[in-house]
Amino acid sequence: MSPYPHAREDRPPTAASRGALTISDLDKSFQIGGQARRILDNINLDVRPGEFVSIVGASGCGKSTLLRLIVGLDTDYSGELRLDGERIATTSLDRGIVFQDHRLFPWMTLEQNIELALLNTDTPKARRARIVADHIALVNLTGFEKAYPHQLSGGMAQRAAIARALVTEPKLLLLDEPLGALDALTRVHVQNELQRIWMTQRSTMVMVTHDVEEALYLGDRVIVMSPNPGRIRHIVEVDLPHPRDRRSPLLHRLKDEILAELTSGADAEEARDNLVHLPSREVR
Amino acid sequence: MNGWLARFPVRAAIGLVVPALLILWWHWRTSAQIATFAPPAAVGRALAELLHSGDLLRDTLSTLKRAFAGLAIGAPLGVAAGVAMGIWRPVDRTLGPLLHALRQVPMIGWLPLMGLWFGVGEGTELIVISMSAFFPSMLNSHAGVAQVERRYLDVGSILRFNTAQRIRFILLPAAMPLVLTGITQALAFSWIATIGTELLTGAGSGLGVAMSQAQVQQRLDVMLVVIAVTAALGFLINQIFRRLRQSLLRWQPSVQ
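Sequences listed follow chains U and D, in order. For what it's worth, UniProt numbering labels the leading residue of the first sequence as 1, then goes sequentially. For what it's worth, UniProt numbering labels the leading residue of the second sequence as 1, then goes sequentially.
You may find that some hints are simply not true.
[To be verified] Residues from chain U that face chain D, not an exhaustive set, calculated with beta carbons under 8 angstroms: (1) Tyr77; (2) Arg87; (3) Thr91; (4) Asn120; (5) Phe144; (6) His150; (7) Leu152; (8) Gly154.
[To be verified] Computed beta-carbon distance windows for the label pairs: (9) Ala126/U <-> Gly123/D: 46 to 54 angstroms; (10) Leu64/D <-> Ala184/U: 58 to 66 angstroms; (11) His189/U <-> Ala188/D: 37 to 45 angstroms; (12) Arg243/D <-> Arg247/U: 51 to 59 angstroms; (13) Gly34/U <-> Ser254/D: 21 to 29 angstroms; (14) Arg250/D <-> Ala126/U: 26 to 34 angstroms.
Since the hints were made in silico from the structure, they are not lab data. The beta carbon of each residue, even a glycine, is placed where N, CA and C say it ideally should be.
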């Protein structure tokens, strides 16, 4: 039995039009202390339908800001963001997101939290309970339907958040360091789950992470970003079929390369930053 | 619930130790000098007398009726005002300063004015009691809605909630702990205001009326009975509401 029986029987997946994300000439600035500070600088990226793209980079490189823009929580940017050709102007049920904190509503049970995501969809009421149950099964939480979020472990709550984001069948799922708060063991476990879900579901996914290994294990491509302002520095193709083997020599070689790039880059950036911002050193 | 039942006798017994010691001390003191204070035995006789005549029951019921009528008017209005002020800034800007100034006047301070406008009677008492239930409900509900976390509102925006859905599914439940704190305070305040207005207006029946009549008649024993009943009832109402609150907030990790 497929764990995903409702897989869009009404909308046949046409590879060209499902979840193609286009980012062109994207710039984003924040006003900090009365000055415009550029956070994202000239971002250009095409994400193919059904692709898994990971974004890594030092903190401050604007990766989370990028996701907030794509999901539509922040619409103050210049350049273009398009999903399947349509310009992104606000939030939409076509774009789901999972945050680092699960953000399940603590006053609702797991089941109620997931069903709430269907509130503004045209899913018939009669089918909702079934769809919710299927998604709880998809993230292996059957039996915990009536649990309140504080009764779930960190990994379980995060899987529940993934189910909530997937239940609306978004064309594009954004993952903002979804496993960042989990311990190492749970993390590996949820990474495997995530890979399995993506292979079952095949919606386009864009994941931001600090963890290079995680980025490589899951991503078809890994976008390496550099900070101040956030730029795309390098795009790494991970030419390995899914499901992947963590021991693959290619993954380890790529990991070493990206880590070397990130650390050398970060040191350089930081040193330059210090020169600019510390008056005592500016004299020299 | 089982745990509570099992724990209850021990807990209640511990809570009764100090009152029992006080009564013993009281008995010992008053049996020496009868004139200055009614001894426990006399108070017991007065209680039996008041129970027998039905006066105590009548007074208690009128007081309860008044307090809950005031609460039923003041608390919902206060919650509505507080939530509205928390959600819509213009409402807060226009109504907030006035309400915050008005609440500085002790509720009993409104009695003379209300008495002039509406006469001394049920209407005036009800207004003052409602007002004392209104303000704590308003303040706490306002704070509750104002401090709802941005990250939950973001989820609402991602799920395309409209205003009504945002209020119903995010703002109200997130504010519920403080709303209930406000209602708990409203409960205590309206109880105090009820006894207070009854004491001052002294019309009809009620525990406060009974107190002031006992003062006129110099019935120390009756006064002590009424005070004890007031204290015990107030305590009981508060306990019942605490249980209710715990069951409403069972989703909170701290409320188990």
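To see whether the hints hold, each was checked on the structure:
{"no.": "1", "hint": "Tyr77", "verdict": "violated, 17 angstroms"}
{"no.": "2", "hint": "Arg87", "verdict": "violated, 17 angstroms"}
{"no.": "3", "hint": "Thr91", "verdict": "holds, 5 angstroms"}
{"no.": "4", "hint": "Asn120", "verdict": "holds, 5 angstroms"}
{"no.": "5", "hint": "Phe144", "verdict": "violated, 15 angstroms"}
{"no.": "6", "hint": "His150", "verdict": "holds, 4 angstroms"}
{"no.": "7", "hint": "Leu152", "verdict": "violated, 11 angstroms"}
{"no.": "8", "hint": "Gly154", "verdict": "violated, 14 angstroms"}
{"no.": "9", "hint": "Ala126/U <-> Gly123/D: 46 to 54 angstroms", "verdict": "holds, 52 angstroms"}
{"no.": "10", "hint": "Leu64/D <-> Ala184/U: 58 to 66 angstroms", "verdict": "holds, 60 angstroms"}
{"no.": "11", "hint": "His189/U <-> Ala188/D: 37 to 45 angstroms", "verdict": "violated, 50 angstroms"}
{"no.": "12", "hint": "Arg243/D <-> Arg247/U: 51 to 59 angstroms", "verdict": "holds, 57 angstroms"}
{"no.": "13", "hint": "Gly34/U <-> Ser254/D: 21 to 29 angstroms", "verdict": "violated, 42 angstroms"}
{"no.": "14", "hint": "Arg250/D <-> Ala126/U: 26 to 34 angstroms", "verdict": "holds, 29 angstroms"}
Violated hints, in rising order: 1, 2, 5, 7, 8, 11, 13; the structure is consistent with all others.
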